[in-house]
Each structure stands twice: as structure tokens, then as C-alpha cells.
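Assemble the whole structure, with the sequences as input and the hints as a guide.
If you're matching positions, the sequence shown starts at 1 in the UniProt record's numbering and goes up one per residue.
Treat the hints with care, since some could be wrong.
[As the list claims (entries may be wrong)] Straight-line alpha carbon distances no greater than 30 Å define the calculated DSSO-like cross-link-like pairs of lysine-lysine that follow:
(1) 4 x 44
(2) 12 x 44
(3) 4 x 16
Since the hints were made in silico from the structure, they are not lab data.
Source: prediction; values computed, not measured.
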Amino acid sequence: MYLKQGLKQGLKQGLKEGLEKEQNQEEAYIWVLNPLYVIIYYFKIN
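Here is the structure:
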């Protein structure tokens with residue numbers, strides 16, 4: 001449950017941050033293509 005929520009949250013967050021800064025557009029794609037980063041990012045925040 002928590003992992004699924006965390007993945008969704010992390011993915012949204014990563015996309016939002018990546019798309020807000022145009023120079024970080026590549027990062028946004030990484031967030032989408034590599035869910036592992038999302039998991040790591042999520043656990044870093046909490």
C-alpha cells in the first residue's frame with residue numbers, strides 16, 4: 001500500500017519538478033523511465 005502510494009507521489013513530484021525547470025527536462029524523463037529512482041527519492045524524503 002505505502003509503496004504504491006510512494007511511487008505515485010514520487011513520480012508526480014519528479015515530473016512536476018522536472019517540467020518546472022526546462023533545463024531539467026531530462027531528469028523528468030529519468031523519473032518516468034526509472035521507477036527505482038522514484039523509490040529512492042521517496043525514501044530519502046521520509
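Going through the hints against the structure:
1. 4 x 44: Given pair residue 4, residue 44 holds - Cα atoms ~16 Å apart, limit 30 Å.
2. 12 x 44: This hinted pair holds, its Cα atoms lying about 16 Å apart.
3. 4 x 16: holds (18 Å)
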